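Student: Chain by chain, the residues run as shown.
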Amino acid sequence: MLNYAIKRLGLAVVIVSVAMTLLFSMIYLIPGDPASVALGPRATPEMVAALRARMGLDQPVWVQFWNFYSGAWTGDLGIEVLSNRPVLTVVMEQLPFTLALIAGGITWSVALGIPLGCMAAVRRGSFADRLVGVLSVAVIAVPSFVVAIYALLIFAVALQWLPAIGAGEPGDLGDQLTHLILPSLAVGLGWVGYIARMVRASMLEVLEASHIRTARAFGLPERQITYRYALSIAILPTVTLLGIGIGQMLSSAVFAEIVFARPGIGKLVYDAILTRNYPLVTGAVLVTTVLFVVINVIADLIIGALDPRVRSGF
Amino acid sequence: MTVLAVSGLSVEFTTEGGTLQALRDVSFEVPERKIVGVVGESGCGKSTLINAILGLLADNGHVSAGEILFEGAQELTTLDPTSMRALRGERISTVFQDPMGALNPVLSVGRQMVNVQYRSGRSKAEKTARAVEMLQKVRIPDAEKAVNRYPHEFSGGMKQRIAIAMALMMEPALLIADEPTTALDATLEVATIELLKELQEEIGCSVLFISHHLGVIAELCDEVIVMYAGEVVERGDVRDIFNDPRHPYAHRLLDCDPARQKGLVRHLPTIPGEIPDLRARPEGCIFRPRCHRAEARCTETPPEIVVSPGHMARCWVAEVPERAEAAR
Amino acid sequence: MSEAVSEPPAEVGTFRRTMRRLLREPLGVFGLSLVILVVGAAVFADLLASAEPSRISPRDRFLPPSADHLMGTDQLGRDLFARVLHGGRIALLVAVGSTVVSLLIGIVLGLIAGYGPRWLDNILILVFDALKSFPTVMLALALVTLFGPSLTAVVVVVILVNVPGYARIIRTQTIALKSSEYVTAAQSMGASPARILRVHVLPNVVGPIVILASMDIPVVIAIEAGMSFLGLGVRPPTPSWGAILNDGFANIRESAWIVIAGGVPIILTTLGFTFLGETLRDVFDPRLKGRG
Numbered sequence: 001m002l003n004y005a006i007k008r009l010g011l012a013v014v015i016v017s018v019a020m021t022l023l024f025s026m027i028y029l030i031p032g033d034p035a036s037v038a039l040g041p042r043a044t045p046e047m048v049a050a051l052r053a054r055m056g057l058d059q060p061v062w063v064q065f066w067n068f069y070s071g072a073w074t075g076d077l078g079i080e081v082l083s084n085r086p087v088l089t090v091v092m093e094q095l096p097f098t099l100a101l102i103a104g105g106i107t108w109s110v111a112l113g114i115p116l117g118c119m120a121a122v123r124r125g126s127f128a129d130r131l132v133g134v135l136s137v138a139v140i141a142v143p144s145f146v147v148a149i150y151a152l153l154i155f156a157v158a159l160q161w162l163p164a165i166g167a168g169e170p171g172d173l174g175d176q177l178t179h180l181i182l183p184s185l186a187v188g189l190g191w192v193g194y195i196a197r198m199v200r201a202s203m204l205e206v207l208e209a210s211h212i213r214t215a216r217a218f219g220l221p222e223r224q225i226t227y228r229y230a231l232s233i234a235i236l237p238t239v240t241l242l243g244i245g246i247g248q249m250l251s252s253a254v255f256a257e258i259v260f261a262r263p264g265i266g267k268l269v270y271d272a273i274l275t276r277n278y279p280l281v282t283g284a285v286l287v288t289t290v291l292f293v294v295i296n297v298i299a300d301l302i303i304g305a306l307d308p309r310v311r312s313g314f
Numbered sequence: 315m316t317v318l319a320v321s322g323l324s325v326e327f328t329t330e331g332g333t334l335q336a337l338r339d340v341s342f343e344v345p346e347r348k349i350v351g352v353v354g355e356s357g358c359g360k361s362t363l364i365n366a367i368l369g370l371l372a373d374n375g376h377v378s379a380g381e382i383l384f385e386g387a388q389e390l391t392t393l394d395p396t397s398m399r400a401l402r403g404e405r406i407s408t409v410f411q412d413p414m415g416a417l418n419p420v421l422s423v424g425r426q427m428v429n430v431q432y433r434s435g436r437s438k439a440e441k442t443a444r445a446v447e448m449l450q451k452v453r454i455p456d457a458e459k460a461v462n463r464y465p466h467e468f469s470g471g472m473k474q475r476i477a478i479a480m481a482l483m484m485e486p487a488l489l490i491a492d493e494p495t496t497a498l499d500a501t502l503e504v505a506t507i508e509l510l511k512e513l514q515e516e517i518g519c520s521v522l523f524i525s526h527h528l529g530v531i532a533e534l535c536d537e538v539i540v541m542y543a544g545e546v547v548e549r550g551d552v553r554d555i556f557n558d559p560r561h562p563y564a565h566r567l568l569d570c571d572p573a574r575q576k577g578l579v580r581h582l583p584t585i586p587g588e589i590p591d592l593r594a595r596p597e598g599c600i601f602r603p604r605c606h607r608a609e610a611r612c613t614e615t616p617p618e619i620v621v622s623p624g625h626m627a628r629c630w631v632a633e634v635p636e637r638a639e640a641a642r
Numbered sequence: 643m644s645e646a647v648s649e650p651p652a653e654v655g656t657f658r659r660t661m662r663r664l665l666r667e668p669l670g671v672f673g674l675s676l677v678i679l680v681v682g683a684a685v686f687a688d689l690l691a692s693a694e695p696s697r698i699s700p701r702d703r704f705l706p707p708s709a710d711h712l713m714g715t716d717q718l719g720r721d722l723f724a725r726v727l728h729g730g731r732i733a734l735l736v737a738v739g740s741t742v743v744s745l746l747i748g749i750v751l752g753l754i755a756g757y758g759p760r761w762l763d764n765i766l767i768l769v770f771d772a773l774k775s776f777p778t779v780m781l782a783l784a785l786v787t788l789f790g791p792s793l794t795a796v797v798v799v800v801i802l803v804n805v806p807g808y809a810r811i812i813r814t815q816t817i818a819l820k821s822s823e824y825v826t827a828a829q830s831m832g833a834s835p836a837r838i839l840r841v842h843v844l845p846n847v848v849g850p851i852v853i854l855a856s857m858d859i860p861v862v863i864a865i866e867a868g869m870s871f872l873g874l875g876v877r878p879p880t881p882s883w884g885a886i887l888n889d890g891f892a893n894i895r896e897s898a899w900i901v902i903a904g905g906v907p908i909i910l911t912t913l914g915f916t917f918l919g920e921t922l923r924d925v926f927d928p929r930l931k932g933r934g
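Protein chains in written order, with this note's numbering: chain E, 1 to 314; chain X, 315 to 642; chain A, 643 to 934.
By construction, these hints were calculated from the structure, which means they are not laboratory data. Predicted, not measured: the structure shown is a model, and the values here were computed from it. Be aware that a few hints might be false.
[To be verified] Derived Cβ-Cβ restraints for the label pairs, each shown as a range:
1) A:Gly790 to E:Glu46: 46 to 56 Å
2) A:Arg662 to X:Gly332: 42 to 52 Å
3) E:Arg124 to X:Arg593: 19 to 29 Å
4) E:Ala49 to A:Leu690: 50 to 60 Å
5) A:Ala818 to E:Gly174: 51 to 61 Å
[Claimed, not checked] No more than 20 Å apart at the CA atoms, straight line, and that leaves these computed lysine to any residue pairs for SDA-like:
6) E:Lys267 to A:Leu788
7) E:Lys267 to A:Val852
8) A:Lys820 to A:Ala892
9) E:Lys267 to A:Ala892
[What the hints assert, rightly or not] Some, not all, of what chain E presents toward chain X, calculated at C-beta under 10 Å:
10) Ser210
11) His211
12) Ala215
13) Leu220
14) Thr226
15) Tyr229
16) Ala261
17) Lys267
18) Asp271
Cβ coordinates follow ideal geometry from the N, Cα and C atoms, glycine included.
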């Protein structure tokens, strides 16, 4: 297990390095000078030069790259020019909101997707199975931001059941949860479909396996066979899928945060782009990328923990 | 006493191409403390027979005629699912062919063996102790630790012995063994067979042993059933069948067994032709299209001819042994 | 089901057979009708909507749907029906155009990775993995800082999102073909790598990837609409479904018809292409089932 974890982590480090290189070349290619952009048109050349020096833009490319690269590994993502605070601090303040949103999305998708997929597999070929199939494809196809806007229109504006904007009163957990319902539905709805399809497919495969036949031949209760013997295996691919899913939910979260005017990384990056606050953009993109890679590693490690075959295979 | 009495059993499957008769008029008995072997080519209905006994036929299959009487009391084809389930694992248990896939990969061996005892009313500790005891009986080394391991940590032969331990844990009246040694190599096969025989005598159960390996059948079984295309073509004492087969198919099958070839042969004998399409059974004897002894009357369904007490063959010419006919 | 599996989809007989099978699937018929509806509306936008999509008319601001304005008007008094139809043009052009470009790049890179030297393969795979490790929206946002909000930015995002997947599939198939007997035979006859790739490899790998790419069309439409919704894609006054949604979102409480006009076409189009694609894939090649 340890060996497997080390290998998997090593790969993650390499991927993050390459991603950082891509990101750096992207910033470097940005037309215009970030310093003069940040200071606005009325800045004097002296002011621009001073800021350039502070941002390290007067150094040769490879020095800039090294500074960016070594800084990033130690958590130094530079200074956010407007508020003069470390980028990492600003990003980390917003991160919990986004994570809560994604956790909500996962809750929706798992809570609906696993039972639906399981039911579809057990009642294979029934009307319910076909309905779940069509609905799964439909919710996967519809873009999450459209879901977000229409959820807002229906449940917050027309019916007024749930609050439309914000993240709720700090400290009031109930209020925060109510504010989480609609945005997290928008984030998780598509994944209900993915998970239902995945669980259905792998359940069907597992239910055909000979150990399930053995379990039946031993007269085990059908419930135990479905949930203990079959679902515990059928759930494994879903965990990997969720690893990828969290990354895509990060994307949906950006839209949900903007539509529901919630604080979070997505809103942060969006606002930073509109104000051309580039160090904040790169910092936030880097943090989410690292987050994404880490989540995928965790998903793989969970698979290793759940499936005794995987961990000894490495 | 007869543990299992199958009489006139027919099983049909509804497929896209029409109704498929997988078993037709199958009758045989498994006496107490005896091992009954079932032989036949693949596709002869061996698996359907097992599934029919266990009540695990696929959704498109059903018993169209006949009955399966278990321990002289319960009729399995009409038994309700709950009582059927209660029998499985408790009074009838099964060892399947594929030792690699027969155990659940994500549950420890001990956990699976404990789960099987869920109707026993034993405490958790007693169930675990019973699991360890059974593992020791099938000679799994270090049984106390082995219960916590996962299936993939055992070799193929060990997995099959674990499957046997699991099947015999509740001391069933009938053990169904579906080609339990086919996936193992020859030396393991002998060891597994010996173990199975030993445990069968100790527990005193009957065994329905399915195999296409004639050597294993001859070694292990008391009685033999020869199946062809879903029908029992011949059955009887193991010595009768092997020394004096009367059905032409049984005769050919024995001829094809490489182990029975005397001296060196260039080509192993084969049976010409193919198993008939079970959706459109030929009239009369099922083996007629491939039979070299076919006669005019073979277009009518042959009767079950008693060759000697307990030795039956479903063939018009069963009274005359093939060798005698050849000599004539 | 299996007889059509190995045949290339372009054959006429296969095409007829495929269509016949498709028309037997209710979901496929539903998807096809939606796609025909959307494509038809986009093609005949000028005929169907008499109004000019970008003409501002301050007197007609926020008019609810009526006989004059089938879908109402927006905050600048523009006719939403005309904007929706013309927005469909943009959406489809961007979707098809950027998918074709991604396909070409993906095929070339995939062939290089699969047939080229080992070190190049390793580097390409690493870059693909790294690109895949950016969440899509983050990649889009970072790229907009580079290109500024524009159609170009949308196309580049689509390419960066799609190419790694296409290239990986092509690469795997190329590697499988590389060791096949007829490629080895061609090599021994002294055929150049370019010729081997063009004559022996390309025709074998192109079929499935085109099916897969056409199934990504709804994703691309979603990317364009999403970026335009954020104001990072198509620039005003060019009509775009995402931009209409953005206009409507600002006035969602008072004039809900604007978000309805912007969102419903997106839903219908993505559903139509997805249902059609899913059915076609099942009909063409059951082996591709369950991808993703």
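Student: Check each numbered hint against the structure and report the violated ones by number, ascending.
Tutor: The structure conflicts with hints 1, 2, 7, 8, 14, 16, 17, 18, although it agrees with all the remaining ones.
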